[in-house]
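Enquirer: Each chain, letter by letter, is given below.
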Amino acid sequence: MSAKPLAESPLASLLSALPERGELQFPSPLRCLILSEESLAAIFDVFREFFGEGYRSLLYNLGHAIGHRFAVEASGDPRKRFQELADVDALAGWGRYELVELDLENRRARVVVRNALAVEIARRIRSDCCDFTRGYFAGIFEQIFQVPCICEELECAYYGSEACVFEIRSE
Amino acid sequence: MSEARARFVMQRMRELVTVDQEAGCLIARGRRIFLLRDRTLQQLVTIGSDMFGPAVWGALYEAGLRSGRIFGQRVIDQIGPDPGLVMAEILGSLAGSGWGVFRVIYFEPRHRIVIRVLNSVFAEPGRGYTQRHFPLGHLAGVFEVLFKRPYRGEEALCIGKNDPFCEFVYYPEEGEKAAQYQ
Chain A
1047 MSAKPLAESP
1057 LASLLSALPE
1067 RGELQFPSPL
1077 RCLILSEESL
1087 AAIFDVFREF
1097 FGEGYRSLLY
1107 NLGHAIGHRF
1117 AVEASGDPRK
1127 RFQELADVDA
1137 LAGWGRYELV
1147 ELDLENRRAR
1157 VVVRNALAVE
1167 IARRIRSDCC
1177 DFTRGYFAGI
1187 FEQIFQVPCI
1197 CEELECAYYG
1207 SEACVFEIRS
1217 E
Chain B
986 MSEARARFVM
996 QRMRELVTVD
1006 QEAGCLIARG
1016 RRIFLLRDRT
1026 LQQLVTIGSD
1036 MFGPAVWGAL
1046 YEAGLRSGRI
1056 FGQRVIDQIG
1066 PDPGLVMAEI
1076 LGSLAGSGWG
1086 VFRVIYFEPR
1096 HRIVIRVLNS
1106 VFAEPGRGYT
1116 QRHFPLGHLA
1126 GVFEVLFKRP
1136 YRGEEALCIG
1146 KNDPFCEFVY
1156 YPEEGEKAAQ
1166 YQ
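Just so you know, the sequences run in chain order A and B.
Throughout the first sequence, residue numbering follows our numbering, covering 1047 to 1217 in sequence.
Throughout the second sequence, residue numbering follows our numbering, covering 986 to 1167 in sequence.
Okay, chain B solo, but in the shape it has when bound (with noise of 0.2 Å):
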């Protein structure tokens, strides 16, 4: 599903973004983008895990959690709220954008949702430590803004730690944190 979803987003990338070579941008829809090697996340998570310990990991987190609620928003501004298409367009630009092949295990956001995701950009197999946490806290904010709720998101299963795959789930919170967010 969402191969299908990346290929075709991968051919409108040929056409959507701009390469200004003699500049140094790389422009889409009219906002900066950049090309990063997964080399470069590595360090990061490497790096900042030497100088601040797994709290790196927490801050991965958030910051994948606010830019999901900028990129889910925009998403939704561009298509609707349809919870199928938005699901189906944000997948399929993750996997355009070279972070992996991301598929729906199991959807129902009042209670659970089941992402898994091949090839990952953010783990590697047996590499224990991972960037995983930029994705997950990344779904957590689409889901977010896309059902008007609080999710927290968790892994199941990484690759990095010998699984067949990564598996994030999410749930909704519930309580003081629910509460907040009304």
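The shape of chain A in the complex, shown without the other chains (with noise of 0.2 Å):
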């Protein structure tokens, strides 16, 4: 690990504060707020409570719209779109992603995620919500593919690996 103050990080370049109107930018000039992992993991927690397994849908779903806007935001080749995604969302505190393969020509990817948000979550809520994760790449990827894509969970730090590891295939 290789924390550093936050006036230090690349961070501090990249996130806008405004006290006077109680507002975080980042990226600069787009709106963002600071959550607590207990209060993402609250959200998770009583909307499993309150709509059972559709949870995991609506959590796929929002994954998935999401990845898909990211992706059309992001630019230049695959890899490098990937790469800068992967970049803010690590300073942003979801975790590292890393991509281990990518093959355009079959339209197959592999993502590897350390530290993932949705496991420190998880293990609060005693529940894998690494729905939201799948769906967040499979948007990712349809964007860099161009087809329908499905994303897969082979395995998952939540359950005992080292890390999550997904792969994204078209459909």
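Keep in mind the hints are simulated off the structure, nothing from the lab.
Coverage of chain A stretches by chain B, computed from C-beta distances (three or more under 8 Å per stretch; other residues unrestricted):
{"hint": "1", "segment": "1054-1068"}
{"hint": "2", "segment": "1073-1081"}
{"hint": "3", "segment": "1105-1113"}
{"hint": "4", "segment": "1130-1143"}
Take a look, some chain A residues computed to stay more than 10 Å from chain B by CB distance:
{"hint": "5", "residue": "Ala1120"}
{"hint": "6", "residue": "Asp1123"}
{"hint": "7", "residue": "Val1146"}
{"hint": "8", "residue": "Leu1150"}
{"hint": "9", "residue": "Arg1153"}
{"hint": "10", "residue": "Arg1156"}
{"hint": "11", "residue": "Arg1172"}
{"hint": "12", "residue": "Phe1191"}
{"hint": "13", "residue": "Ile1196"}
{"hint": "14", "residue": "Glu1198"}
{"hint": "15", "residue": "Glu1199"}
{"hint": "16", "residue": "Gly1206"}
{"hint": "17", "residue": "Ser1207"}
{"hint": "18", "residue": "Arg1215"}
Where is the CB? At the ideal position from N, CA and C, for every residue including glycine.
Got two chains here, separate frames each, mind docking them using the hints?
Expert: Here is the structure:
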């Protein structure tokens, strides 16, 4: 781990604070807010209580919509696009993604996620919640491959693996 | 009031928050935090409403309530139970976290508390349904641990409905709910 105070990290130059407006922007001018892991755990936990297993579909659909949108905003070749998203998400505290395999011809990719925020949440609520991440990668790679994609989680840190491993392929 | 506190919190944040870009972690006071885009919250409500209808709003209120209880208790543990100090810390922290500017308009915890929210990250002018139920519940949870009785939060005004600002009103619960809390 190479933790630095915010002021000395690359996040400092990307995060704009407007205290008189109670506003944060990251990356500027996109508005954002800070939430704690406990707050997100409360959202996931309550949604599971309210909507049963249907909450998994909600997480997947949400992740998919966001991944789709973020991938549209990113630029460059597929690896650069993914890396740009991964770096922004790492700075935002969502974990570290590594694209370990990218097969453009057969439209397959494999991503390893370490320190996933979703896994921390899962430990709190004692239920895996990688559906959001599955949807997120499916949304990203649909933009990259330009075909509908599915994402499967092959390994999950919540269940004891060293990291979460996702495989994305065309439907 | 909360703007000055927010300035202080945002400055303090630069010292308190550690960033591990390699690991993808943000840590503040030993707890993991993260940045969330406002659009992501909007999509949570939009997609959730499409799938489950207005029950999503109740779920967001309940989630806010639970996280507010935790947050409120942590602040009380850190600085003590003085309501004025706790309120200043809580509202300043919310503003410092980018939630908007929170102002106390009326404060009589035995009867009613009114909080005005300017530039809320949870609502957009004229947008109709919003994510406001989360902060509404969040403050109800804070008041519950601060005054040791349950509160019911209602939104009197909302910029999402073209009001000039958002305003939350809190009433102490009476009857069965209050008795359950005892």
